[in-house]
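Asks: Now for the letters of each chain:
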Amino acid sequence: MRSDLSSFLLFLSSLVAVSPGNATLVPNLHLESLCNQGDLIIVGLVADVRRGGETTINIQGQSVEALSMSAELSAQKVLKGKLANARVTFKFFIPPPSGYGGIARGQFGVFFLRESKSGIEILDPYHPYVVALPGAPGTSGTCLDQVTAELAYVVASAAASARTRMDAVEGLRSLDTPAATAALETTARGRDLDARTLAIAALLERGKMAWLDPAARVLLSQEQGVDAYPVWRLTTAIEERVKDPKAIPTLIRLLHAPDTTVRRAAAAALRSMRDQAAIDPLLAALADKDDDVAYQAAFGLAEITGDLQHGPGPMDDFKKDRQKYVSYWQTWAESRR
Amino acid sequence: MNSIAQVEIEPRRRPQRAFVSILQRASLVSALALFTALPLHGGWTWYSGASVGSDGTVYGWGVTDVSTSTMVHFAYASTTLTSPVKKRQAASGMRSAQNSVRADVSLPFDPNDLGTYVVQTENEAFCYLCECWFLNCWTEGQAPEIPTISGPQTVWWFNGATPSGYPVSITLSAWPTNAGSYSWTISSGSDKANLSGQTANQTNVTGKALSTAPGGDVGVTVTAGGATSNPYPITVRGPKTLVAGATTDQCNSNYGYDSFLNYTIKDNLSAPLPSSTPLSENWTSAVTNDYTNANWRRGDPQGYTSPDSTFADDIQGEAFSLPANPTPSCPPPLGSTPVQHWGQEWRVGSSTPGSGARVQTDNIQKYLDHARHTGIVSPAP
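Line by line, the protein sequences are chains A and B.
With this note's numbering, the residue at position 253 of the first sequence is 253, and numbering never jumps.
With this note's numbering, the residue at position 195 of the second sequence is 195, and numbering never jumps.
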């Protein structure tokens with residue numbers, strides 16, 4: 001049985017958990033910690049939920065009144081720990097809105113539980129489970145391997161809803177393992193556009209630049225109607241992770257995207273390269289109708305050439321005097337020809 | 001202009017001219033000295049000097065002053081300034097004038113040509129009365145060594161917060177290291193940075209406001225050994241704005257809904273913050289109910305550490321089990337029934353609510369089935 005101290009340490013670690021993406025005020029999903037710290041990790045269905053009494057719990061050092069609840073889980077697989085029978089009852093709490101994950105009858109997933117003095121409890125109230133589907137084949141290996149297999153089954157399943165598949169991809173994103181990467185690559189080749197886009201973003205986040213061209217195809221295909229969230233993740237990944245000058249031809253294509261946020265991401269990536277080869281596309285981006293694109297271009301030109309005196313100041317100032325910067329760099333461009 | 005260092009070296013006569021001067025004119029010089037009743041060198045001077053300008057330009061000069069009231073002397077000076085590394089030279093050529101002459105030269109600052117600059121002057125003087133060269137020597141001087149500064153050029157500022165991974169204090173070092181005393185100054189941008197903790201040839205720089213121009217709008221100089229360095233540019237970076245990303249609304253089986261409002265934290269150079277970032281929300285007003293008799297509760301403000309520059313504000317409805325009034329519902333489709341709202345601010349640099357640099361203010365507007373930030377002001381004064 002885990003001590004209260006270890007549970008507390010797990011809670012603290014969840015507050016500062018570092019995993020790719022999934023950055024949120026709600027502590028990030030950290031499956032490796034959940035696998036390591038969980039006493040019972042069960043794939044199953046919530047068969048029943050019962051209301052308990054009022055109690056007090058601690059959230060970030062604050063005592064908070066909460067409703068104590070219990071749920072009965074019908075276990076299909078046990079990934080870690082031992083069960084006396086196929087049904088297990090665990091406790092969870094419902095405080096005032098604090099980002100806690102919801103648990104409802106009929107929910108199927110991989111549940112991460114711990115044993116305490118008062119019984120079995122949810123290990124991480126923000127992430128009590130990750131999505132799963134009944135019927136996934138059993139696998140061997142470590143807890144992480146098995147969780148990865150459950151998530152991979154979800155993203156590949158036609159039975160899963162688009163939302164569930166996205167949740168599964170988010171779970172895979174939090175796992176920096178070869179198996180998770182392989183599952184993401186499979187998803188990135190799949191048909192579900194939202195899951196595919198999110199998977200490509202996750203692959204770019206872990207430095208898989210071969211996925212930049214597929215990313216560009218998604219971003220330049222507006223008619224496909226991809227969800228805003230995966231697009232945001234993808235543009236963020238491009239802005240923050242694409243640093244290799246080999247990506248410049250693709251970024252040039254993205255500078256012509258109809259979506260402003262895509263062009264901004266491409267311009268920001270070009271700027272962050274600090275490479276002479278980015279000068280021409282940045283000069284072209286100066287003419288973009290969007291102020292932010294032009295701002296990144298002017299800033300990038302100043303940084304690459306070392307002529308920081310002609311770099312823009314704060315964005316508000318640039319908007320007021322945009323033409324001054326554009327004219328300067330256009331004149332500079334003509335002088336070097 | 002910095003102080004002058006000057007050295008006069010032993011006059012070195014040119015052998016051929018000295019020979020002429022001594023043999024042919026010795027008696028006339030002695031007579032002249034007696035006649036004028038003045039010491040031979042009375043008030044006369046010849047020397048070389050050098051200094052360093054505030055922009056790093058090195059100036060050299062040589063002076064020959066053999067003034068007499070009878071105006072029978074003619075002074076000559078030829079100055080050469082030589083750099084220490086590249087051996088660049090600036091030469092004045094021979095200058096001449098009645099009684100007194102000065103020959104000036106200069107070399108522009110070159111960061112790769114630092115060290116001791118040497119100035120040499122050929123000083124000569126001719127007397128028409130005795131028709132003799134009575135001064136013929138070399139003088140030499142040195143410019144004080146221009147100190148240079150090394151160290152980081154970016155310091156981060158989080159309004160007093162000190163998140164790990166971001167240097168909120170940087171140390172600058174001056175060279176040469178054996179100059180004795182060092183005087184550090186913020187030559188520009190003193191409203192954005194402070195100096196502290198000077199020890200030997202080092203000083204610490206901390207920010208107190210964000211830079212407003214790229215390339216270092218804070219300049220730091222050090223004066224050592226009589227010379228002042230070029231301004232060392234420093235940029236004060238820090239969180240400035242939240243850039244709104246995608247918003248997603250999902251069902252929550254216990255609270256009705258979760259609205260995830262995604263953001264990217266950008267700094268004052270409009271770049272995403274480069275590493276994990278603590279941040280927090282805080283409430284700036286009481287709850288105002290838009291829905292009559294609403295009993296939805298407001299949790300305490302929270303803070304966390306984001307692994308990168310992005311985060312989401314997860315706003316939930318209210319627990320069905322309360323029981324909530326009104327009962328939250330699950331999107332989509334999104335309705336437009338407001339339930340309550342209150343003021344919110346975001347700070348970056350600390351996970352403690354109220355600490356760190358403020359980057360945004362807004363109102364949390366909770367609806368029956370979703371939530372949004374309204375009235376967003378970012379950057380926030």
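Hints listed in this document are in silico derivations from the structure and should not be mistaken for laboratory results.
Note that the structure is a prediction, hence the values are computed from the model and not measured.
You may find that some hints are simply not true.
Under the rule of at most 30 Å between Cα atoms (straight-line distance), these lysine-lysine pairs were calculated in the DSSO-like manner [stated by the list, open to error]: (1) A/Lys246 with A/Lys289; (2) B/Lys192 with A/Lys319; (3) A/Lys246 with A/Lys208; (4) A/Lys320 with B/Lys86; (5) A/Lys243 with A/Lys289; (6) A/Lys319 with A/Lys289; (7) A/Lys320 with B/Lys87; (8) B/Lys192 with A/Lys324; (9) B/Lys192 with B/Lys208; (10) A/Lys320 with A/Lys289; (11) A/Lys319 with B/Lys86; (12) A/Lys117 with A/Lys80; (13) A/Lys91 with A/Lys77; (14) A/Lys91 with A/Lys117; (15) A/Lys289 with A/Lys324.
Asks: Look at each hint and say if it fits the structure.
Replies: Hints versus structure:
1. A threshold of 30 Å between alpha carbons decides the hint, and for lysine 246 of chain A with lysine 289 of chain A the separation of about 26 Å falls inside it, so the pair holds.
2. Pair hint lysine 192 of chain B plus lysine 319 of chain A holds up; C-alpha atoms about 23 Å apart against a cutoff of 30 Å.
3. A C-alpha spacing of about 13 Å is found between lysine 246 of chain A and lysine 208 of chain A, which places the hinted pair at or below 30 Å, so the restraint holds.
4. Restraint check: the Cα-Cα separation between lysine 320 of chain A and lysine 86 of chain B comes to about 46 Å, which exceeds 30 Å; the hinted pair is violated.
5. Annotation: proposed proximity of lysine 243 of chain A to lysine 289 of chain A holds, straight-line Cα distance about 25 Å (limit 30 Å).
6. Of the pairs offered as hints, the one joining lysine 319 of chain A and lysine 289 of chain A holds, with about 12 Å between alpha carbons and a cut-off of 30 Å not exceeded.
7. A C-alpha spacing of about 48 Å is found between lysine 320 of chain A and lysine 87 of chain B, which places the hinted pair above 30 Å, so the restraint is violated.
8. The hinted pair formed by lysine 192 of chain B and lysine 324 of chain A meets the criterion: a straight-line CA distance of about 26 Å does not exceed 30 Å.
9. Using a Cα cut-off of 30 Å, the hinted pair lysine 192 of chain B and lysine 208 of chain B holds, with the two alpha carbons roughly 5 Å apart.
10. Under the criterion of a C-alpha separation no larger than 30 Å, the hint pairing lysine 320 of chain A with lysine 289 of chain A is consistent with the structure, at around 14 Å.
11. Distance hint between lysine 319 of chain A and lysine 86 of chain B is unfulfilled; the C-alpha atoms sit about 45 Å from each other, more than 30 Å.
12. Taking the CA atoms of lysine 117 of chain A and lysine 80 of chain A, the gap is near 19 Å; set against the 30 Å cutoff, the hint holds.
13. At roughly 20 Å between alpha-carbon atoms, lysine 91 of chain A and lysine 77 of chain A fall within 30 Å of each other, so this suggested pair holds.
14. Note on lysine 91 of chain A and lysine 117 of chain A: the hinted pairing holds, with a Cα-Cα distance of about 12 Å set against a maximum of 30 Å.
15. As the CA atoms of lysine 289 of chain A and lysine 324 of chain A are separated by approximately 15 Å, the hinted pair is consistent with the 30 Å bound.
Hint violations for this structure: numbers 4, 7 and 11, all remaining hints satisfied.
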